[in-house]
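> Chain by chain, the residues:
Protein chains: 2
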Amino acid sequence: MLKNIDLTREVPKAEYKRLKGDANLKLAALQRQSQALGIPIIVVFEGWSAAGKGTLINEMILPLDPRGFSVYSARGPTEEDAFYPFLWRFWKRTPTRGRLAIFDRSWNRRLVTDRVEGLIKGERLRQSFDDIRSFERQLGDEGVVIVKCFLHISKNEQKRRFDALRSSPATAWRVTEKDLRQHERYNEYLAAAEEMLTETDADYAPWTVVEAHDRRFATLKIFGTVIEALERGVAAVERKAEVSALSTVEPVSAGNMFKTSALDHVDLSKSLTPEEYAARLKKAQAELRELEHEIYLRRVPVVIAYEGWDAAGKGGNIRRVTQNLDPRGYEVVPVAAPNDIEKAHHYLWRFWAQMPKAGHITIFDRTWYGRVLVERVEGFCTEAQWRRAYREINGMEQHMAHFGAVILKFWLHIDPEEQLRRFREREGMPHKQWKITDEDWRNRQKIDQYREAVEEMLYRTSTPYAQWTIVESNCKRHARVKVLETVCKAIRKRIG
Amino acid sequence: MLKNIDLTREVPKAEYKRLKGDANLKLAALQRQSQALGIPIIVVFEGWSAAGKGTLINEMILPLDPRGFSVYSARGPTEEDAFYPFLWRFWKRTPTRGRLAIFDRSWNRRLVTDRVEGLIKGERLRQSFDDIRSFERQLGDEGVVIVKCFLHISKNEQKRRFDALRSSPATAWRVTEKDLRQHERYNEYLAAAEEMLTETDADYAPWTVVEAHDRRFATLKIFGTVIEALERGVAAVERKAEVSALSTVEPVSAGNMFKTSALDHVDLSKSLTPEEYAARLKKAQAELRELEHEIYLRRVPVVIAYEGWDAAGKGGNIRRVTQNLDPRGYEVVPVAAPNDIEKAHHYLWRFWAQMPKAGHITIFDRTWYGRVLVERVEGFCTEAQWRRAYREINGMEQHMAHFGAVILKFWLHIDPEEQLRRFREREGMPHKQWKITDEDWRNRQKIDQYREAVEEMLYRTSTPYAQWTIVESNCKRHARVKVLETVCKAIRKRIG
Numbered sequence: 000m001l002k003n004i005d006l007t008r009e010v011p012k013a014e015y016k017r018l019k020g021d022a023n024l025k026l027a028a029l030q031r032q033s034q035a036l037g038i039p040i041i042v043v044f045e046g047w048s049a050a051g052k053g054t055l056i057n058e059m060i061l062p063l064d065p066r067g068f069s070v071y072s073a074r075g076p077t078e079e080d081a082f083y084p085f086l087w088r089f090w091k092r093t094p095t096r097g098r099l100a101i102f103d104r105s106w107n108r109r110l111v112t113d114r115v116e117g118l119i120k121g122e123r124l125r126q127s128f129d130d131i132r133s134f135e136r137q138l139g140d141e142g143v144v145i146v147k148c149f150l151h152i153s154k155n156e157q158k159r160r161f162d163a164l165r166s167s168p169a170t171a172w173r174v175t176e177k178d179l180r181q182h183e184r185y186n187e188y189l190a191a192a193e194e195m196l197t198e199t200d201a202d203y204a205p206w207t208v209v210e211a212h213d214r215r216f217a218t219l220k221i222f223g224t225v226i227e228a229l230e231r232g233v234a235a236v237e238r239k240a241e242v243s244a245l246s247t248v249e250p251v252s253a254g255n256m257f258k259t260s261a262l263d264h265v266d267l268s269k270s271l272t273p274e275e276y277a278a279r280l281k282k283a284q285a286e287l288r289e290l291e292h293e294i295y296l297r298r299v300p301v302v303i304a305y306e307g308w309d310a311a312g313k314g315g316n317i318r319r320v321t322q323n324l325d326p327r328g329y330e331v332v333p334v335a336a337p338n339d340i341e342k343a344h345h346y347l348w349r350f351w352a353q354m355p356k357a358g359h360i361t362i363f364d365r366t367w368y369g370r371v372l373v374e375r376v377e378g379f380c381t382e383a384q385w386r387r388a389y390r391e392i393n394g395m396e397q398h399m400a401h402f403g404a405v406i407l408k409f410w411l412h413i414d415p416e417e418q419l420r421r422f423r424e425r426e427g428m429p430h431k432q433w434k435i436t437d438e439d440w441r442n443r444q445k446i447d448q449y450r451e452a453v454e455e456m457l458y459r460t461s462t463p464y465a466q467w468t469i470v471e472s473n474c475k476r477h478a479r480v481k482v483l484e485t486v487c488k489a490i491r492k493r494i495g
Numbered sequence: 000m001l002k003n004i005d006l007t008r009e010v011p012k013a014e015y016k017r018l019k020g021d022a023n024l025k026l027a028a029l030q031r032q033s034q035a036l037g038i039p040i041i042v043v044f045e046g047w048s049a050a051g052k053g054t055l056i057n058e059m060i061l062p063l064d065p066r067g068f069s070v071y072s073a074r075g076p077t078e079e080d081a082f083y084p085f086l087w088r089f090w091k092r093t094p095t096r097g098r099l100a101i102f103d104r105s106w107n108r109r110l111v112t113d114r115v116e117g118l119i120k121g122e123r124l125r126q127s128f129d130d131i132r133s134f135e136r137q138l139g140d141e142g143v144v145i146v147k148c149f150l151h152i153s154k155n156e157q158k159r160r161f162d163a164l165r166s167s168p169a170t171a172w173r174v175t176e177k178d179l180r181q182h183e184r185y186n187e188y189l190a191a192a193e194e195m196l197t198e199t200d201a202d203y204a205p206w207t208v209v210e211a212h213d214r215r216f217a218t219l220k221i222f223g224t225v226i227e228a229l230e231r232g233v234a235a236v237e238r239k240a241e242v243s244a245l246s247t248v249e250p251v252s253a254g255n256m257f258k259t260s261a262l263d264h265v266d267l268s269k270s271l272t273p274e275e276y277a278a279r280l281k282k283a284q285a286e287l288r289e290l291e292h293e294i295y296l297r298r299v300p301v302v303i304a305y306e307g308w309d310a311a312g313k314g315g316n317i318r319r320v321t322q323n324l325d326p327r328g329y330e331v332v333p334v335a336a337p338n339d340i341e342k343a344h345h346y347l348w349r350f351w352a353q354m355p356k357a358g359h360i361t362i363f364d365r366t367w368y369g370r371v372l373v374e375r376v377e378g379f380c381t382e383a384q385w386r387r388a389y390r391e392i393n394g395m396e397q398h399m400a401h402f403g404a405v406i407l408k409f410w411l412h413i414d415p416e417e418q419l420r421r422f423r424e425r426e427g428m429p430h431k432q433w434k435i436t437d438e439d440w441r442n443r444q445k446i447d448q449y450r451e452a453v454e455e456m457l458y459r460t461s462t463p464y465a466q467w468t469i470v471e472s473n474c475k476r477h478a479r480v481k482v483l484e485t486v487c488k489a490i491r492k493r494i495g
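Chain order of the listed sequences is V and F.
0 is the number of the first residue of the first sequence in numbering that gives the first Met the number 0; add one for each residue after it.
0 is the number of the first residue of the second sequence in numbering that gives the first Met the number 0; add one for each residue after it.
No wet-lab data here; the hints were simulated from the structure.
One or more hints might be untrue.
Since the list can't tell identical chains apart, any single copy or any two copies may satisfy a pair.
[Stated by the list, open to error] Taking lysine to aspartate or glutamate and the EDC-like style, the derived pairs with C-alpha atoms no more than 20 angstroms apart in a straight line are:
| hint | residue 1 | residue 2 |
| --- | --- | --- |
| 1 | 91 | 396 |
| 2 | 25 | 230 |
| 3 | 445 | 309 |
| 4 | 356 | 78 |
| 5 | 342 | 140 |
| 6 | 177 | 78 |
| 7 | 356 | 80 |
| 8 | 19 | 417 |
Please read all numbers here as calculations on a predicted model, not as lab measurements.
Use the sequences and the hints to build the structure in full.
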């Protein structure tokens with residue numbers, strides 16, 4: 000969940016003032032409503048040293064009724080705490096109905112700091128993942144609204160901040176030996192944080208990564224996230240029922256514009272000349288042919304998943320991947336709407352059945368991600384269903400990864416103008432007219448909702464074992480070569 | 000879940016015929032209803048070799064519409080299967096809406112046979128637990144009714160059956176080398192089965208242990224279990240809502256009389272003479288005093304939980320345990336109905352807060368099990384809440400066990416006659432009148448419902464890390480000595 004994140008996002012001062020004013024009022028009102036309805040709330044702040052947790056927590060509590068919340072700072076267990084199992088001190092601090100508990104660091108510390116520092120590992124580390132999931136699930140089952148924020152800054156930004164603090168005697172003490180050690184081992188911490196975010200992300204306790212270089216941006220994003228979670232909590236209690244599919248696309252608070260985006264900064268101008276294309280394509284295809292043989296001998300299964308906008312060029316791209324392959328070693332599975340038999344099963348059923356066997360490649364032309372894309376946007380499943388689908392999908396991919404599979408997921412990205420150009424072109428060419436349907440035009444109308452769904456998919460299902468690759472596809476030549484080369488690289492890496 | 004089980008239960012032939020006829024009709028009707036409502040059903044048969052899985056599966060399918068079910072025999076992965084991750088072949092076989100899939104052995108094989116045979120261990124074994132839980136949860140979330148039966152026979156019974164089969168050339172081939180190996184390692188298999196039952200028991204996919212010495216008993220128990228699960232599934236779909244608390248105590252099908260009972264065969268005539276009592280009490284108290292010191296030095300926390308019928312003698316029993324202890328090393332926590340602050344938290348919150356710290360003993364006079372006893376029977380929580388409480392409670396106790404705690408749970412058992420005698424005695428003695436209230440008499444009225452709740456509690460929360468001990472308490476002297484000696488033994492075992 001930390002890949003493809005643009006940490007440089009900013010909010011100008013004037014804009015901030017206006018939005019922050021609104022957000023203050025909204026948050027205060029929601030706190031009163033939650034008190035009246037007896038909804039307990041937990042907000043967790045995790046993230047890098049010097050990411051600004053203290054400042055941001057202060058911002059958050061300013062508009063709140065001070066009788067309604069508590070802030071807990073959990074930098075490490077006290078001597079007393081050490082006499083108890085690690086979740087004990089957090090259970091003690093879970094909020095009563097109607098109250099808000101803010102945790103400055105939390106139980107998750109065990110999965111990152113304690114882990115990287117070698118205080119916990121192996122079986123005990125696995126137990127901690129289980130214990131934490133079970134803890135959060137129990138609270139969620141009883142109606143606690145749980146918001147978890149991870150404040151993210153880059154290694155360079157962290158260094159800049161440490162240097163600034165250390166340059167003045169008044170603040171130098173704030174940078175500890177431990178902080179510096181963390182900085183040196185930034186990449187190890189990053190990997191541990193990534194696993195924590197993946198493994199403990201759940202519909203009842205989702206993670207929000209907060210880009211924290213710009214304090215104003217981070218503040219507004221946190222406010223937006225908390226406001227949205229509380230709105231959902233209040234709505235659920237008021238309806239005394241599961242939030243229905245109809246509410247899926249309701250316009251939400253300020254949160255939206257601060258959502259993490261993997262698509263905003265994709266450079267769609269990337270392109271290849273025909274000559275360069277021909278040379279690199281040929282080379283990559285030849286290599287993939289050899290690798291196909293290698294994985295067959297070593298019985299490595301390979302999953303290649305294609306998703307992307309309509310007319311992004313999936314078909315042509317897939318053809319370039321398979322063009323030179325031995326047809327006995329791969330299969331292309333086109334995924335349409337489920338048929339009646341498939342509809343009568345769990346939505347993942349048909350994909351399980353089509354997974355490659357050891358030594359083979361399966362290429363999916365559209366995938367199980369339909370659940371969190373078209374089914375979400377069109378209301379073909381309930382909100383509860385698509386929300387838990389992220390975890391279910393990650394579970395399936397993890398199971399394949401445990402089995403030794405290489406998993407590649409490509410999002411073929413084009414901008415709306417390019418899409419329109421291609422739609423028009425198809426309409427104008429008799430042999431391509433079949434490719435453009437009324438549905439394509441309808442989907443285009445809902446582009447904002449689709450985009451939101453795509454962003455959330457890229458965010459919640461980018462896992463250490465199954466990364467998304469965003470493929471700039473305005474230039475088809477570039478897109479084809481990028482996919483081929485990415486596939487080759489991943490397989491090469493796997494077979495060492 | 001395999002402790003305290005009476006494997007010798009039988010059903011007479013005449014009784015069997017009558018009940019089986021009813022059960023056949025009921026099961027057939029429920030199958031039709033499930034078909035009409037589109038409810039998918041999975042029934043899993045696991046258990047010992049020679050426990051009679053084949054015969055019992057045949058019994059079960061006889062009354063069914065053959066177009067509505069499939070039987071899958073999964074003795075091991077085929078050569079083809081081995082090319083896929085282990086859940087792959089089971090995903091393929093999950094039933095469509097309205098169909099019933101019966102598994103003769105299943106994915107659980109991995110957690111027992113494969114584990115004991117050393118085919119899977121360590122990290123991969125842990126992953127398999129996770130994968131299986133996630134698999135069953137996904138199906139449960141989508142409305143699949145899941146019934147899991149474990150056919151249980153003793154080591155002696157297995158030997159008897161193998162011998163019988165081998166004594167005739169016509170059947171000798173049915174006993175394989177593998178079967179004999181399993182028999183030799185019965186205790187290892189037992190421990191693995193116990194962990195499987197504990198770790199994969201869930202509200203959406205509960206385990207039923209079937210006493211399989213008597214074929215008639217086993218058949219009826221399986222029918223009862225499947226019938227009850229289908230009735231619940233049908234009711235849930237028809238109400239399109241969570242089953243409400245009001246349905247908790249609805250009289251259920253034939254299943255009830257075949258429930259596993261830990262209480263039926265408790266020998267309440269056990270007693271001690273005053274002289275024997277005095278001697279053993281003194282000895283055990285002295286030993287516990289020494290052990291109290293030991294655990295303090297070694298920082299071992301000890302949890303002693305008391306539950307039992309009203310007037311079973313908890314108070315007096317606890318006093319004998321603590322009589323000789325250093326008061327700085329232990330605490331007695333009396334548990335009453337939750338106060339307002341406690342009510343405003345998760346029900347486990349207050350117990351987390353009272354857990355012993357390392358090196359100390361905490362004795363709970365009534366416990367967190369109130370959730371699945373009084374709260375269940377009196378409707379103070381919803382059915383969904385108490386059903387998931389077994390897993391939540393096991394989770395809490397496991398967390399304590401991970402931390403190194405010794406956990407002892409005592410059920411003080413008396414029969415209704417003895418209870419009545421004690422109630423009357425209390426009423427007749429002025430200084431004991433406060434001990435008997437209208438509530439006690441009211442609880443007595445609901446004795447059958449309480450008993451059902453107690454049996455299910457003993458069954459679902461007897462785990463490898465926190466066993467229940469049933470204490471025969473008609474004779475208070477016996478009960479006190481048994482608790483003291485059990486505590487000493489467990490602590491001795493722990494500190495080695």
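> Against which earlier hints does the structure fall short, listed by number upward?
Hint check: 8 fails alone, others pass.
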